[in-house]
Amino acid sequence: MQLAGAAGLGLYLSPRTARADTKSRIVAEIDRERVEVGEAFELTVQVDSEGERGAEVPEPVLPDMTALGLQIVGMPANYRSTSSSFSFGTGRGSTMTTRTTQTSVYTLIASKPGRIELPVHILEGKTKVTPPRIPAIEVTGQAAPTEPVPAAADGPTEPQGDIFLWTRLDKPTLFVGEQLTYTLEIYERLPFLQIQLRQLPGFQDFWSEELPQGQMRQAVVGNTAYRVHPGLRRALFPQRAGTLTLSPAEVGIGMRRRITGRPVTVEVKPLPAGAPAGFSPNNVGVYSIRAEADRTNIKVGEPFTLTVAIQGTGNIRVIDPGAWPEMPGLRRYEPKIETDVTTGAQLGGERRYAFLVIPERGGTLTVPPHTFHYFDPASESYQTATSAPIELTVAGDPNAAPTLASDAPPPAAAEEEGILAPIVEPAALPRATPSPSWLTPSRWAWAMAGAPVLLALGTAASALWRRLGPDEHSRAAAARAAKQRELLAQAERGLGTGEGFYPALAQLLQAAAIDRAGPEGEGLPRHALLALLAGKGVSSADCERLRDLLDRCDAARFGARGESASEREVALQAARELLHSSAALKPGSPARPPS
Amino acid sequence: MTRMRIRALSIFALFALTAASARADVVDDAFARGNALAAARDYAGAVRAYEDAEALLPGRSAALSFNLGTAYAQLGELGAATYHLRRALQPQAEASVDIAEAARRNLGVVRQRAEVAATAANLQIDRPETWRDAALSALRSPAFGWLSVIAGWLALLLWITRARYREAARSALAGLAAVLAALYLVIGGLHGYALRTELGAPQAIALPAKLEVREGPGIHRKTVFTVQGGSRLSLVERGAGWGRVRLPGGLEGWAPLSGLGELAAPPRRLASEPSSP
Numbered sequence: 001m002q003l004a005g006a007a008g009l010g011l012y013l014s015p016r017t018a019r020a021d022t023k024s025r026i027v028a029e030i031d032r033e034r035v036e037v038g039e040a041f042e043l044t045v046q047v048d049s050e051g052e053r054g055a056e057v058p059e060p061v062l063p064d065m066t067a068l069g070l071q072i073v074g075m076p077a078n079y080r081s082t083s084s085s086f087s088f089g090t091g092r093g094s095t096m097t098t099r100t101t102q103t104s105v106y107t108l109i110a111s112k113p114g115r116i117e118l119p120v121h122i123l124e125g126k127t128k129v130t131p132p133r134i135p136a137i138e139v140t141g142q143a144a145p146t147e148p149v150p151a152a153a154d155g156p157t158e159p160q161g162d163i164f165l166w167t168r169l170d171k172p173t174l175f176v177g178e179q180l181t182y183t184l185e186i187y188e189r190l191p192f193l194q195i196q197l198r199q200l201p202g203f204q205d206f207w208s209e210e211l212p213q214g215q216m217r218q219a220v221v222g223n224t225a226y227r228v229h230p231g232l233r234r235a236l237f238p239q240r241a242g243t244l245t246l247s248p249a250e251v252g253i254g255m256r257r258r259i260t261g262r263p264v265t266v267e268v269k270p271l272p273a274g275a276p277a278g279f280s281p282n283n284v285g286v287y288s289i290r291a292e293a294d295r296t297n298i299k300v301g302e303p304f305t306l307t308v309a310i311q312g313t314g315n316i317r318v319i320d321p322g323a324w325p326e327m328p329g330l331r332r333y334e335p336k337i338e339t340d341v342t343t344g345a346q347l348g349g350e351r352r353y354a355f356l357v358i359p360e361r362g363g364t365l366t367v368p369p370h371t372f373h374y375f376d377p378a379s380e381s382y383q384t385a386t387s388a389p390i391e392l393t394v395a396g397d398p399n400a401a402p403t404l405a406s407d408a409p410p411p412a413a414a415e416e417e418g419i420l421a422p423i424v425e426p427a428a429l430p431r432a433t434p435s436p437s438w439l440t441p442s443r444w445a446w447a448m449a450g451a452p453v454l455l456a457l458g459t460a461a462s463a464l465w466r467r468l469g470p471d472e473h474s475r476a477a478a479a480r481a482a483k484q485r486e487l488l489a490q491a492e493r494g495l496g497t498g499e500g501f502y503p504a505l506a507q508l509l510q511a512a513a514i515d516r517a518g519p520e521g522e523g524l525p526r527h528a529l530l531a532l533l534a535g536k537g538v539s540s541a542d543c544e545r546l547r548d549l550l551d552r553c554d555a556a557r558f559g560a561r562g563e564s565a566s567e568r569e570v571a572l573q574a575a576r577e578l579l580h581s582s583a584a585l586k587p588g589s590p591a592r593p594p595s
Numbered sequence: 596m597t598r599m600r601i602r603a604l605s606i607f608a609l610f611a612l613t614a615a616s617a618r619a620d621v622v623d624d625a626f627a628r629g630n631a632l633a634a635a636r637d638y639a640g641a642v643r644a645y646e647d648a649e650a651l652l653p654g655r656s657a658a659l660s661f662n663l664g665t666a667y668a669q670l671g672e673l674g675a676a677t678y679h680l681r682r683a684l685q686p687q688a689e690a691s692v693d694i695a696e697a698a699r700r701n702l703g704v705v706r707q708r709a710e711v712a713a714t715a716a717n718l719q720i721d722r723p724e725t726w727r728d729a730a731l732s733a734l735r736s737p738a739f740g741w742l743s744v745i746a747g748w749l750a751l752l753l754w755i756t757r758a759r760y761r762e763a764a765r766s767a768l769a770g771l772a773a774v775l776a777a778l779y780l781v782i783g784g785l786h787g788y789a790l791r792t793e794l795g796a797p798q799a800i801a802l803p804a805k806l807e808v809r810e811g812p813g814i815h816r817k818t819v820f821t822v823q824g825g826s827r828l829s830l831v832e833r834g835a836g837w838g839r840v841r842l843p844g845g846l847e848g849w850a851p852l853s854g855l856g857e858l859a860a861p862p863r864r865l866a867s868e869p870s871s872p
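Here the protein sequences come in this chain order: E and X.
Its first residue numbered 1, the first sequence is counted upward by one per residue in my numbering.
Its first residue numbered 596, the second sequence is counted upward by one per residue in my numbering.
Relax, there's no trap hidden among the hints.
Straight-line C-alpha distance at most 35 Å; calculated DSBU-like pairs for lysine-lysine:
1. LYS112/E with LYS171/E
2. LYS536/E with LYS483/E
3. LYS805/X with LYS336/E
4. LYS805/X with LYS299/E
5. LYS336/E with LYS817/X
Anything over 10 Å on all C-beta distances counts as not near chain X; from chain E, calculated:
6. LEU68
7. SER104
8. TRP207
9. ARG233
10. PRO325
11. PRO377
12. ASP515
13. LEU532
14. ASP554
15. GLN573
If you're looking for bench data, these hints aren't it; they were derived computationally from the structure.
All C-beta atoms in this analysis are idealised placements derived from N, C-alpha and C, irrespective of residue type, glycine included.
Given these sequences and hints, build the entire structure.
Structure representation (structure tokens):
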């Protein structure tokens with residue numbers, strides 16, 4: 001039952017809300033009552049609209065501002081707010097009202113004095129809704145002069161308020177294409193901030209080039225001191241004859257004030273009659289011309305660069321060099337053009353035309369002079385500048401046929417057949433079977449890396465051997481043992497024949513005895529050595545056996561006594577026993593006290 | 596058994612020689628046909644005949660490459676002319692003194708034309724070869740590789756066996772080992788650097804009259820500069836059908852591989868179709 005009641009209430013309320021009516025009104029006001037010409041003020045227009053949420057708010061319709069002498073500065077600032085409200089009436093349900101407020105703020109500047117009314121309105125359907133009070137403002141001061149005045153080269157003679165613009169032209173009359181220097185200056189008596197050029201002067205009938213601005217200076221106009229700011233400086237080149245007008249510039253001071261200059265006129269005369277053939281009206285000024293080649297001793301077909309330069313004062317960017325002369329025996333391509341502009345009191349500079357030229361035949365060739373006509377406004381006469389001819393010494397065939405077109409594309413091959421070496425025509429085609437080199441880059445890299453790696457490994461192994469290998473004593477003992485083995489082997493080889501047996505055996509025993517006796521045994525006679533051995537712990541029996549063996553060796557070597565193989569065998573066996581007996585001559589045997 | 600083997604070897608040698616001579620005849624025929632067409636100033640036909648001969652030739656021929664480059668030069672195709680004339684001057688082609696001199700002359704003429712064309716059309720062209728390029732080319736030869744390897748191993752051998760020599764000879768041998776070690780280091784370093792420059796960026800020749808180099812691989816990419824045909828480029832990277840090339844001056848971009856003739860690669864047929872014999 002309660003749910004049904006709520007649904008019924010919703011259905012009852014909804015259609016009433018949707019059918020709410022739209023109603024708009026407008027309010028406009030100005031933030032001040034009085035301003036001066038050029039001073040900015042604000043017009044605030046507020047449009048209230050009641051109706052459905054999202055309904056469009058009518059745009060305010062402004063009067064013709066130009067006709068009223070007003071200028072809108074920048075875009076208006078817009079604000080929008082929306083609010084909704086419900087109203088309940090007894091027995092009628094509820095009504096929702098949406099109210100949208102659109103506020104626009106315009107910055108305006110008046111350009112003429114007087115009382116100005118601003119009848120703004122809105123259109124609601126076909127109904128014109130006006131504000132309850134039409135906003136109005138009182139503009140005082142003087143309107144900016146719009147009548148053009150002849151150009152003047154001098155500064156102002158009468159003060160014109162706190163701040164004003166002044167235009168100077170360096171000459172009142174000139175020829176078409178002659179330079180006119182335009183200077184815009186800002187005269188201020190009080191220090192103003194944020195002075196900006198808001199609108200450039202109109203140079204419709206002129207070619208314009210920027211010139212460097214001057215410095216700020218002080219000037220006295222009448223009895224009033226002004227500070228003069230450089231605003232703009234241009235070199236102007238009139239493009240047609242007649243009385244030409246330069247529309248004024250406009251300067252903004254912050255966002256609240258605008259000042260406008262005054263239009264000026266200049267008289268432009270046409271160029272006089274009697275221009276030489278080939279003269280271009282672009283060539284007004286004072287010019288000279290020169291031509292140079294980067295080298296003069298060349299070969300047929302060898303390109304060189306010919307540079308023709310025109311320099312002087314005038315509108316150098318639009319200079320017209322005229323038709324280039326024919327160059328017999330030389331082929332010339334389209335030039336590359338470079339311009340260097342100098343900006344001082346007069347615009348000028350140099351314009352260079354760099355040609356790629358190719359001699360087509362040998363001998364002495366001449367680059368002919370180039371003639372260039374211009375109009376000198378100072379002397380009011382047509383002048384001619386001519387470059388010097390250039391002599392070229394070209395090595396090659398003087399009778400070679402020239403090509404026809406001077407600006408043709410690079411020569412076709414057949415034209416230079418004589419330059420190319422001819423094809424070769426061997427009876428059989430010589431051929432080569434390239435065998436790839438064994439030393440490929442990877443093999444070369446391995447081979448190169450191998451040597452230092454091996455050196456490093458060898459050095460490391462040597463260091464390890466020195467550190468971990470046998471010491472000097474061990475190496476000496478090993479050397480002695482090796483020598484002993486060698487002598488034993490020699491003695492064994494002499495067992496059968498006896499040749500060399502006893503010398504080897506004697507040397508072996510003598511060395512073993514000295515080794516056993518130690519360093520003091522060196523150089524001792526036999527009996528002293530044996531005594532020393534006995535003192536070193538060798539038994540007297542072993543000493544006797546050693547003496548006996550050594551004596552036998554001496555007898556066999558130096559005496560007449562011969563011995564049989566069996567006797568040598570016995571001697572060798574005895575020697576072995578002595579050598580291997582730990583108590584006798586074996587190296588390192590412990591010393592025993594003599595018995 | 597031995598007789599059977601000799602017979603079989605004889606038959607094999609006969610077949611092999613017959614095939615080789617037949618192949619040689621075809622190459623010579625194509626070469627002679629190209630010469631005849633060139634003599635009749637039909638350089639396009641001559642190019643096709645020469646390229647037939649080059650396709651059939653298993654090895655290299657400086658004369659064939661020279662004639663091919665000269666015929667292309669006569670046609671005004673500077674890129675292809677430069678490519679073949681440079682191939683004629685490669686060591687593998689084993690050019691005779693006369694052919695090498697003629698190839699250098701024609702290469703100079705083609706280069707001059709390319710410079711003129713590049714200046715007239717405002718195209719990029721490689722700078723002329725400098726002494727550094729010539730030195731690197733010489734240092735890449737295997738002779739310098741062998742020299743450095745042998746010097747290194749000899750120095751090592753002298754160092755290892757130094758103890759075997761008499762005291763008087765040791766100082767002289769140590770000096771010799773030092774010289775060899777220096778040769779190993781200097782020559783080896785230079786040879787390695789030259790190999791690295793060649794392997795890292797093989798040389799290629801721009802074949803079309805104007806080779807557009809783009810900022811990336813693909814014809815939809817912006818053209819950054821245009822190279823004159825016949826210019827020498829380094830191929831620093833390869834993509835699918837495109838290669839990143841660098842002019843000796845340092846300008847880089849991507850160019851289609853079809854527009855490049857790699858000097859170290861097998862020869863390419865540049866004429867549109869083979870000639871009919």
